[in-house]
Each structure stands twice: as structure tokens, then as C-alpha cells.
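Colleague: Read off the chains here:
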Amino acid sequence: MNIFVRMANLDRRWIFVFLFLVVSLAYFLRNVTSVPVNTTKEVESIYNFIEGLDPGDKILLALDYDPSSLAELHPMSRAILLHCYRQDVKVVGMTLSQYGAGMVEEVFRNVKSEAERIYGKTVEYGEEYCFLGYRPYPAFVILGMGENFRIFFPRDYYDTPLDDLPIMHRVRNYDDLECVVVIESGTAADMWLVYGSARYNMPLAFGVTGVMAPDYYPYLGNALFGLIGGWKGAAEYEKLLEQEHDANRGMLAQVVAHLVIVLFIVIGNIGYFVSRKKTKIGD
Amino acid sequence: MMENGPDLVTLLWTTLAAFLTLATFSFLYKDNPLYKIAEHLVVGVSAGYFMVLFLWTSLKPVLIDRLIDGQYWYYIPAVLGVMMWFRFSKKLGWLSRYPIAFYVGTSGVAIPLYMYNNVNRQLSSTLDLTLGFGSLAHFWNIIIVIGVLTGLVYFFFSKEHKGAFGGAAKIGIFILMIGFGASFGYTVMARISLFVQRIASLEEWGVMLYTYIFG
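Going line by line, the protein sequences match chains A and B. With the first letter of the first sequence counted as 1, position 251 gets the number 251 in the numbering used here; the numbers rise by one all the way through. Adding 283 to a residue's 1-based position in the second sequence gives its number in the numbering used here.
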């Protein structure tokens, strides 16, 4: 049997093993070599927006994801939070993901410590950032926050009344914030577009998983002022921020994995065409 | 983490995470009891976690605390919510239709918003007349218009795909293929991201175990 036909009929578990080995190897070589990351307009526009904010300006950062999307979305959450703290932009945090509350709270705590270490600033809860927690039924929560944050969030995640948090003084609804950045892994993205952007017309940007990214490109320029798609987008943001971390470290593994998959697709297709040709000759 | 390395509790939790990661990966070989344990554990823990979270972060602050504070109009949504549960009774099941009707009725607010977001905005972005004639952006806008029109032609089945119409449909399918290719590429990136993160966590576990044993 022809080698290509044999490869086309290869047990898929061999492909898993091969991918496992090459991706692991590429990941362990992360400190030895790297791949260049070019930035795109859709990521730059979010970076430039935050870069252009004045100290003391406030944004809403909704981290609507759970541990299953942690790998892809943590790097962009970290990069945006670090950027805000560097610029002295205050962050009102929340989540619409039912399994995400504890994890998101940890993100805010960890990045606060990291920002203090990197930038030598004091990042205080209630002053520079706050975490409102989780509420169910995204559509209603998004609509409610457009009227008053206190309808659905009378108290923050730690049970402190919102009015007792200095960061929430003079913040009633989206009008009192400069923009809304949503890091999203689920269906709440559509709710943010429909009930948030279409209803209240606030500046909105998304950071989404790779699977979701192509679905939201059509909204760029009309509903979204920026879009970060998957690890590549996060790597771009890290590069712009000059804080290259997890996303950049994993890009070599990404490139290798894509090359391996392209290689298998090419081999599979050659095998398909060769076997089809043989069948035709046989006829 | 202790000063001289990881403490036993941290090591045990990390070992459990590593075990569950490997148990999940074992499904790639074939379905097996280890994978089943990991799968059932995720479902059980998720359900329990959500129940507790929902009570303390939603029901208590948004409903119970407000009723205690004397905001009695919150009894209306509370009663409507309870009425939903009558769905499980054959005799009183009809009561659940009222909250469902209310819920469906309030969804009416979405109709104009969906129309604006998914149709009006998309239409105006497809044919952007504000772009300068002859610019690169203008060129790409023409490609988008051609892509949208030929894509629509491909899905028009009331006329046979022959001649110029068939040619347009063929261009449409090429445009769709490019779209599917982009989606596939992004999906690969997403899955590899998850895999690399698991490799990183296994590496972390290995380092922790080594440090604990050998100091």
C-alpha cells in the first residue's frame, strides 16, 4: 500500500501521540527560542483606548468565563488589568459566568499583587478596583446595570454595600464609565451586544476564545471598538504592554501545532486523491 | 507554599489536579473508568458549587435581604418564581404558565434590539460609503460586498446554479470556505491553548513533587 494511503488511514491515536510530543517539546523550548508576534489593529485599538484614558477614569471589566476557558482568557485578563493599573485607570470588575466567581476573584487578587510588584504602586481594593461578583440571567443584569448598578449589585462580592466603596461613588450606570471590556467564553457576548451596546450604546470591546473570535469580527467597527481573539490576541496585548507572559511563551507551541496539523491535512488529502485515482484506474 | 518548598496540602491538591488531567486525557485512547471518575466529579462539583453560589450571591442579596428590609414589592417576583415549580404538579401545573408568559412577554424588549444589532448594524457595515474611494479600505469593502452577495446566491435554491448565477454561487462557496478555514484555524488555536496550559500545570506539579522529595 502507498505510504500516503497508509497515512490517510492512520489510527487517529497516533496523531494524538505525535501532537502531544511535538507540542510538549515546543512548550519546553519556550525559553530557548520564540516566534515573533505582530500586532493587529483590533487589539491595538483596545490598547490605545486604555492608553488614552486619564488617571482616575473608570472602566467596567466583565470576566465572563470559567475554569474551562482559563487557559485562553487569563492572559488577556491579566494584560488588561495590568495596563489599567499602570495607567491609574480604575476597574470595576464583575462576572456573568456561574462557575467563574471564585476564579475571577482570584484573578483580581493575583494581578493586584503583580501590578504592585512590577509598577511599585499600591493597588487598593475599593479605591483602584472592586469586584461586584456574579449574578445570574445575563440579559437582565446587563439591562439593569444600564439603569443603576445597585439594582443587581447592592453589595460587592465581599458583602460591602456599593456606596461604601470609594470607586463606586458617582458611578450609577454605563454613562459614568469610559468603556466596557468583556472577556467572554459563552453566550453572554451576544447579550452584551444586544442589551448593552444596542440599548445603551456604550463603547464596548471583547476579548474572546479562539473558537468565538470569527463570529464577532463582523461587529468590529459598528458595535465593538476592539477585539482580542484567543491566545494570539492575548500575546499581542502582552507585547504592546511589554509584559510578555503566558500567551507569548505558548506561541511557539501554537505555531508547531498548526504546522503539524497542516502537515497531516496535506498527507490525508494526498492519500485521498491517490486512493481515488487508483479506484478510477481499477474501474 | 512554605519557605523551603511546597507544603503537603498544596502538593496533594496539585497531585489531584494532575491525576484528573491525566484521567481526562486517557479518553483520547478510549473510554475508561478513570475518565468516568473525572467526568462525574466535574458534573457533581459544578452543580454543588452553583447551588451554593446562587443562594449566597443572588437569592440572598437580591431577594431575601430586600424582603427583610421591607421592600414588599419583591414578593411579586418571589411568588412568580415559586409558581414556576408548580410545573411538576399535574393538578396545579397550569399555574406555571403565568410566570412563563411574563418571562416571554418581557423578551419583547429584545426584538427591536436584535433587529438593530444583527440586521441594521450589519447592513450599514457591509456597505460603508464613508470610506474614501480608491483607498485600501474601500477595496476590502468591495470584497466584503461581493462576498456577502455571492454567499447569499449560494443559498438561493429556487434557481438552478447555472451560467452567471452558478458562477456567483461558486464564488460564494469559496468565500464560505475561507470563513470555515478561519474558524478552523482559530479552533485549533483554542484547543492547543487548553492543551499547553495543562502541560504547564503538569510541569508545575512535577517541579513541586521534585522539590518536596529532594528539597
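There's no promise every hint is true.
When the alpha-carbon atoms are kept at most 20 angstroms apart in a straight line, the in silico EDC-like pairs for lysine to aspartate or glutamate are as follows [to be verified]: (1) A:Lys58 <-> A:Glu127; (2) A:Lys41 <-> B:Asp411; (3) B:Lys313 <-> A:Asp11; (4) B:Lys343 <-> A:Asp159.
Which stretches of chain B does chain A cover? Using the computed rule of at least three CB atoms under 8 angstroms from a CB of chain A, they are [claimed, not checked]: (5) 329-341; (6) 354-366; (7) 442-451; (8) 466-472.
Simulated from the structure, these hints should not be mistaken for lab results. Computed from a predicted model, the values in this text were never measured in an experiment. All C-beta atoms, glycine included, are put in the ideal place defined by N, C-alpha and C.
Colleague: Quick check: the segment 329-341 of chain B, covered by chain A? Criterion 3+ residues, Cβ under 8 angstroms.
Modeller: It holds: at least three residues are needed, and the segment 329-341 of chain B offers 7 whose Cβ sits within less than 8 angstroms of chain A.
Colleague: For the pair we were handed, Lys41 (chain A) and Asp411 (chain B), check the Cα-Cα distance against 20 angstroms.
Modeller: 18 angstroms, holds
Colleague: Given the hinted pair Lys343 (chain B) and Asp159 (chain A), is their Cα-Cα distance within 20 angstroms?
Modeller: 11 angstroms, holds
Colleague: Under a C-beta cut-off of less than 8 angstroms, do 3 or more residues of the segment 442-451 of chain B approach chain A closely enough to confirm the stated coverage?
Modeller: Contact hint for the segment 442-451 of chain B vs chain A: violated, 0 residues under 8 angstroms.
Colleague: For the segment 466-472 of chain B, count the residues whose Cβ lies under 8 angstroms from any Cβ of chain A; is that count three or more?
Modeller: Held - the segment 466-472 of chain B has 6 residues with a Cβ nearer than 8 angstroms to chain A, which meets the minimum of three.
Colleague: Just to be careful, I want the Cα atoms of Lys313 (chain B) and Asp11 (chain A) compared with a cutoff of 20 angstroms; is the pair within it?
Modeller: 12 angstroms, holds
Colleague: Mind checking the alpha carbons of Lys58 (chain A) and Glu127 (chain A) for me, to see if they're no more than 20 angstroms apart?
Modeller: Holds - the C-alpha atoms of Glu127 (chain A) and Lys58 (chain A) are around 11 angstroms apart, at most 20 angstroms.
Colleague: Under 8 angstroms between beta-carbons, do enough residues of the segment 354-366 of chain B, three at least, approach chain A for the coverage claim to hold?
Modeller: violated (count 0)
Of the numbered hints listed earlier, those contradicted by the structure are 6 and 7.
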